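Student: Letter by letter, the chains look like this.
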Amino acid sequence: DQQVKQNSPSLSVQEGRISILNCDYTNSMFDYFLWYKKYPAEGPTFLISISSIKDKNEDGRFTVFLNKSAKHLSLHIVPSQPGDSAVYFCAASARTSGTYKYIFGTGTRLKVLA
Amino acid sequence: DAGITQSPRYKITETGRQVTLMCHQTWSHSYMFWYRQDLGHGLRLIYYSAAADITDKGEVPDGYVVSRSKTENFPLTLESATRSQTSVYFCASIRQGADTQYFGPGTRLTVL
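Residue numbers (my numbering), protein chains in the order written: chain A, 1 to 114; chain B, 1 to 112.
Since the hints were made in silico from the structure, they are not lab data. The structure presented is a predicted model; accordingly, all values stated were derived computationally and were not measured. Where hints are given, some of them may not hold.
[Claimed, not checked] A short, non-exhaustive set of chain A residues, derived as facing chain B with CB atoms under 10 Å:
id: 1; residue: Gln6
id: 2; residue: Ser8
id: 3; residue: Ala70
id: 4; residue: Ile103
[What the hints assert, rightly or not] Here are a few chain B residues that sit away from chain A, every Cβ distance over 12 Å (derived from the structure):
id: 5; residue: Thr13
id: 6; residue: Thr20
id: 7; residue: Glu79
All C-beta atoms, glycine included, are put in the ideal place defined by N, C-alpha and C.
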């Protein structure tokens, strides 16, 4: 049972436009969400996070939105740059239960076209 | 340099052989994790450890063994490798109370 789902395996966006990556989760105990970025032959690197007490978190060109009622989060990248081309993973954990276990989605491959 | 390292980076082995993947971190992070990445499955947690001598199963632990005698090391052993264990393996660590995990560069394992 996939508790964290990224239903779009790939996404292509023109440089300068907005990229929107989506993630859905099923476990209502999840209260902390993260996005990681992964380049080929490298480990994932942390991008941005959001706690369930917020509905938005912004860091430069990256904004994460959380809709708890829909169990949905999205990552917006504005403006998109060619260097943003990578695989993006969302991850979730139930931090208030004291766990540091993260459940990851299957990833979305973003390609930003110059 | 400080950080999290994995060795070997690439490994080819045969079915039935024992293989150990190493993970070392220099931050003294209490938590360490092993994931495997497979097409269509994303990153799946194999085992994790909250501290030295404390380990627990993740989502896909079958066929794997871990140990953690020292805080900085978290080796992953495939006792009898199978073709289905061909994958890219990532080690990660996190400091207690922190928000994010730091990942190693990965080990690409091929089981023939």
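Student: Now look at each hint and say whether the structure bears it out.
Tutor: Hint by hint, here is what the structure shows:
1. Gln6: Status holds, d = 7 Å.
2. Ser8: Ser8 of chain A check fails; min Cβ-Cβ to chain B is 13 Å, beyond 10 Å.
3. Ala70: For Ala70 of chain A, the interface hint is violated, since the closest Cβ of chain B sits about 21 Å away, which is over 10 Å.
4. Ile103: holds, 7 Å
5. Thr13: About 20 Å separates Thr13 of chain B from the closest Cβ of chain A, which puts it past 12 Å; holds.
6. Thr20: holds, 19 Å
7. Glu79: holds, 23 Å
The structure does not agree with the numbered hints 2, 3 stated previously, though it agrees with the rest.
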